[in-house]
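Taken in order, these protein sequences are the chains called A and B.
At position 34 of the first sequence the residue is numbered 33 (numbering that gives the first Met the number 0), and the sequence of numbers has no breaks.
At position 64 of the second sequence the residue is numbered 63 (numbering that gives the first Met the number 0), and the sequence of numbers has no breaks.
Everything labelled a hint here was simulated from the structure, so no lab data went into it.
In this text the structure is predicted, and so the values were computed from the model without any measurement.
Careful, some of the hints might be misleading.
As the list claims (entries may be wrong) - Once the Cα atoms are required to be at most 30 Å apart in a straight line, the calculated DSSO-like pairs of lysine-lysine come out as: (1) B/Lys148 <-> B/Lys31; (2) B/Lys148 <-> A/Lys16; (3) B/Lys31 <-> A/Lys17.
Claimed, not checked - Across the chosen pairs, the derived CB separations fall in these ranges: (4) B/Ala223 <-> A/Ile9: 25 to 33 Å; (5) B/Gly276 <-> A/Arg19: 47 to 55 Å; (6) B/Gln153 <-> A/Ala47: 21 to 29 Å; (7) A/Val43 <-> B/Gly276: 39 to 47 Å; (8) A/Lys17 <-> B/Pro16: 13 to 21 Å.
For glycine and all other residues, C-beta sits at the position ideal for the given N, C-alpha and C.
The lines below spell out each chain.
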Amino acid sequence: MDDNQEQKGIVLTEAQKKSRRERSIAIALALGVLVLLFFAVTIVKGPAVLMRPI
Amino acid sequence: MRPVVSVVDHSAMELTPRISEADVADYVALLKPRVMSLVVFTALVGLAIAPVHVHPVLAFTALLCIAVGAGASGALNMWYESDIDALMTRTANRPIPRGRVTPPEALTFGMTLAFFSVMTLGILVNWIAGALLAFTIFFYVVIYTIALKRWTAQNIVIGGAAGALPPVVAWAAATGSLSVEPFLLFLIIFFWTPPHFWALALFRSEDYARAGVPMLPVVAGPDATRLQILLYSIVLVAVALAPWPLGYFDAVYGITSLILGGGMLALAADVYRRREGREASRATRRLFAFSILYLFGLFATLLIDVLVRAAVPTSW
């Protein structure tokens, strides 16, 4: 496949690039919050975090 | 060798995939932030009145999971209702009717949030709360949105149970069990829902009729709806007052409930009396607005009561 063919395909507009970047940052932040939440609860519960009665 | 001839006219096919321009605000709108704020507030009260100490991190986790679960329900509701949302002025600006988010995107978003909220609540807090949150999402999306809303005028009566469950979920998150107090909160929200939404439906009945949603004013007419609003308001005020003489909530709550209940009944009677013209419309809008204040006032009183007791434990 030559360079000309590679450059074809889907080219995002500036608006699409901006919204995709915003969505990516939001997903990253949400995952970060989830990680912090699990970390914080593990610290708060201590060894009890392993006790999981059903 | 004979050349292969395609019978499909590829030149007529649009193969370019759709590239989303939806921004974060569109996805936030899918969560129904105003509904979510009321859910968080009622859940906070459920958490606060629980007779146990809950670590702030666990309390925050529980509230966050309940909020995200409520948001997931909102997104799944908008996914299923995008066809009728486009027909109603109140909902035509939602992200799917505006073309900002496609229904499959909303479905994926809602299902992802529902999964993570339930699993996180179950793993980090307890599985009774997690299971109750899963049931709440299921009830709102499947029972209310998919099964009841387009089928019966009792849609919001039965479906109101979903909106009434968050304080029960929060209580379960705090205590790991269930008790009478959260069900009292459940009953208050359950009986508050019909007069609140039927007041809205009275001044939005043309919208609902255009969309083919069998809300009570569309099916039974405005006068029958006014009677039902009055009857449900009487039951609501009685249910909201009952915890005081039964000894579950104290006199501060009881007196607030009495005062706010008087206002609710007066406005419901006004809606029943005024049936024509601008006066009727004004009475309906007043009841709708006051009903929000009524529920907020009752729950805020319980919350303030708990905070005051925590601050000055010896004076009680």
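Structure-based check of all given hints:
1. B/Lys148 <-> B/Lys31: OK: B/Lys148 and B/Lys31 at ~18 Å, within 30 Å.
2. B/Lys148 <-> A/Lys16: violated (38 Å)
3. B/Lys31 <-> A/Lys17: At roughly 24 Å apart (the allowed maximum being 30 Å), A/Lys17 and B/Lys31 satisfy the hint.
4. B/Ala223 <-> A/Ile9: 25 to 33 Å: violated (56 Å)
5. B/Gly276 <-> A/Arg19: 47 to 55 Å: holds (52 Å)
6. B/Gln153 <-> A/Ala47: 21 to 29 Å: Once the Cβ atoms are compared, 45 Å apart, the range 21 to 29 Å for A/Ala47 and B/Gln153 is violated.
7. A/Val43 <-> B/Gly276: 39 to 47 Å: With Cβ atoms ~59 Å apart, the hint is violated.
8. A/Lys17 <-> B/Pro16: 13 to 21 Å: holds (19 Å)
In this structure, the earlier hints numbered 2, 4, 6, 7 are contradicted, and the remaining ones agree with it.
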